[in-house]
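Asker: Here is what each chain is made of, one letter per residue.
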Amino acid sequence: MTDTPAIPAGPTGADFPDYPMPRATGCPFDPPPSLRQLEAEAPVSKVRWWDGSTPWLVTRYDDQRVLLANQRVSSDTSNPQFPSFSAGYKKMHERGRSFVRMDDPEHARLRHMLTAWFTVKRVEAMRPGIQTIVDGLIDDLLAGPKPTDLVEAFALAVPSLVICEMLGAPYADHSFFQENVNLFNDRDADPEHGGQADQQLLGYIDRLIGARLTSPGDDLMSEVAGRVRAGELSREEAAQTGVLLLRGGHDTTANMIALGTLALLQYPDQLVILRETDDPAVIAGAVEELVRYLTIVQFGLPRVALEDIEAGGQVIRAGEGVLVPASIANRDAAVFPGPDRLDIGRDARGHIAFGFGVHQCLGQNLARVELQVVYGTLYRRIPTLKLATSLDQIPFKDNSLNYGVDELPVTW
Amino acid sequence: MKVTIDTAKCISAGQCVLAAPEVFDQRDDDGIVLLLTSSPPVSLAEDVRQAATLCPALAIAVED
Numbered sequence: 001m002t003d004t005p006a007i008p009a010g011p012t013g014a015d016f017p018d019y020p021m022p023r024a025t026g027c028p029f030d031p032p033p034s035l036r037q038l039e040a041e042a043p044v045s046k047v048r049w050w051d052g053s054t055p056w057l058v059t060r061y062d063d064q065r066v067l068l069a070n071q072r073v074s075s076d077t078s079n080p081q082f083p084s085f086s087a088g089y090k091k092m093h094e095r096g097r098s099f100v101r102m103d104d105p106e107h108a109r110l111r112h113m114l115t116a117w118f119t120v121k122r123v124e125a126m127r128p129g130i131q132t133i134v135d136g137l138i139d140d141l142l143a144g145p146k147p148t149d150l151v152e153a154f155a156l157a158v159p160s161l162v163i164c165e166m167l168g169a170p171y172a173d174h175s176f177f178q179e180n181v182n183l184f185n186d187r188d189a190d191p192e193h194g195g196q197a198d199q200q201l202l203g204y205i206d207r208l209i210g211a212r213l214t215s216p217g218d219d220l221m222s223e224v225a226g227r228v229r230a231g232e233l234s235r236e237e238a239a240q241t242g243v244l245l246l247r248g249g250h251d252t253t254a255n256m257i258a259l260g261t262l263a264l265l266q267y268p269d270q271l272v273i274l275r276e277t278d279d280p281a282v283i284a285g286a287v288e289e290l291v292r293y294l295t296i297v298q299f300g301l302p303r304v305a306l307e308d309i310e311a312g313g314q315v316i317r318a319g320e321g322v323l324v325p326a327s328i329a330n331r332d333a334a335v336f337p338g339p340d341r342l343d344i345g346r347d348a349r350g351h352i353a354f355g356f357g358v359h360q361c362l363g364q365n366l367a368r369v370e371l372q373v374v375y376g377t378l379y380r381r382i383p384t385l386k387l388a389t390s391l392d393q394i395p396f397k398d399n400s401l402n403y404g405v406d407e408l409p410v411t412w
Numbered sequence: 001m002k003v004t005i006d007t008a009k010c011i012s013a014g015q016c017v018l019a020a021p022e023v024f025d026q027r028d029d030d031g032i033v034l035l036l037t038s039s040p041p042v043s044l045a046e047d048v049r050q051a052a053t054l055c056p057a058l059a060i061a062v063e064d
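Read top to bottom, the protein sequences are chains R and W. When the letters of the first sequence are read in order and numbered with our numbering, they come out as residues 1 to 412. When the letters of the second sequence are read in order and numbered with our numbering, they come out as residues 1 to 64.
Be a bit skeptical, because a hint or two may be false.
Stated by the list, open to error - Listed next, the in silico DSS-like pairs over lysine-lysine satisfying Cα-Cα at most 30 Å (straight line):
1. R:LYS397 <-> R:LYS386
2. R:LYS90 <-> R:LYS397
3. R:LYS91 <-> R:LYS397
4. W:LYS2 <-> R:LYS121
5. R:LYS121 <-> W:LYS9
6. R:LYS146 <-> R:LYS386
In short, the hints are calculated from the structure, not lab data.
Okay, chain R solo, but in the shape it has when bound (with noise of 0.2 Å):
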């Protein structure tokens, strides 16, 4: 024996692997190696954040889908165990919030004012619109320089414009609300420089209010300047709101269908299967597996438990955070059997990339038409489309929420 002093373990959570880890180099689309030997030796288990606290980290599907659905796994952000994202999350969250940070009943009531607008039937209304507004760029593209990048030329702007109109915000102002979801997004980015986007974000949506206030229209912004005015939705909650929709409505479709066709490249036998097909179903497949594969919400859900839960054989305690990323669900081999591999014509229906629980993403539906429209459409007419670099020169959003590429040169 020496009398060499033991490291103290357990406060600072030195012993515990540090998340979130890295992805390996050369496989851009799976989740990282040392995610899967967790995954595979200990299911449910502490990691090591940020700020040196030890969340819980639970790898398997049953076992999330069980915790989303548990209301008294709390998303509480104003839970000050709750374990944000990063030091700008957890200043932005004390400043405000919106309800994807609340919980029942103040969530729900928030929630429902919208929902209205994300039903199936009213979403399947905007498709023709959203085929033309794809066409149109398409078209732009085809007429345009090449390589061109298609980030900045055609997935960014098909959910800006839809975004837009939905909202009744001006296109025009997109680049300024890009950057600023970007930086929003970036768990790299100044907490300074986060929360000065956020507040960028919110002053502009809250003028946008203000001006629908006085001349309301038929669009989603008026509808909740009106609640304002019926004294059902307070300014900020109105301003948080929009906000919540202008992130949620683009950054996430943009990446999956930049993501998407880049991962499409790399499986041609999958790519010719939507190149030649007009089957809304088969298309429809292809969204899910897609949206199954890729998991663009990287690091997970956080949340926070209200009581002790038991998970995968361990005993989550009352307060302790809880960091359930769905990235590593989707590929439960008991589920989605040979995971690792983009398969369109296998039923991925189950994945629960936009998460479980009250909580599941407000605009699935709508991302949904988005992505069956363009992933129907784009390589249809654009057959030859292929990368004009190669996939190791591509830049990866490593340490964003919202996983993607920043920039996929292609050509035709």
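Dock chain W against the given chain R, drawing on the hints supplied.
Answerer: Then chain W, alone, in the frame of chain R:
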């Protein structure tokens, strides 16, 4: 097959409508689930079970 829904739990996700449109619909004013038939034919049994599995709010119960 007997289907019951709990509208108080429903979060208007619409997954049931995608899985079994002959059995489930949504109210126009808030997207809450509408049950079109509580005893769907056997031919739809698989779709209805899928709807119950996908429902994120666990608001659909199916009895054989």
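Asker: Hints first: check each against the structure and report whether it holds.
Answerer: Against the structure, the hints:
1. R:LYS397 <-> R:LYS386: Measuring from Cα to Cα gives roughly 21 Å; hence the hint holds.
2. R:LYS90 <-> R:LYS397: Given pair LYS90 (chain R), LYS397 (chain R) holds - Cα atoms ~21 Å apart, limit 30 Å.
3. R:LYS91 <-> R:LYS397: holds, 23 Å
4. W:LYS2 <-> R:LYS121: holds, 25 Å
5. R:LYS121 <-> W:LYS9: holds, 21 Å
6. R:LYS146 <-> R:LYS386: holds, 11 Å
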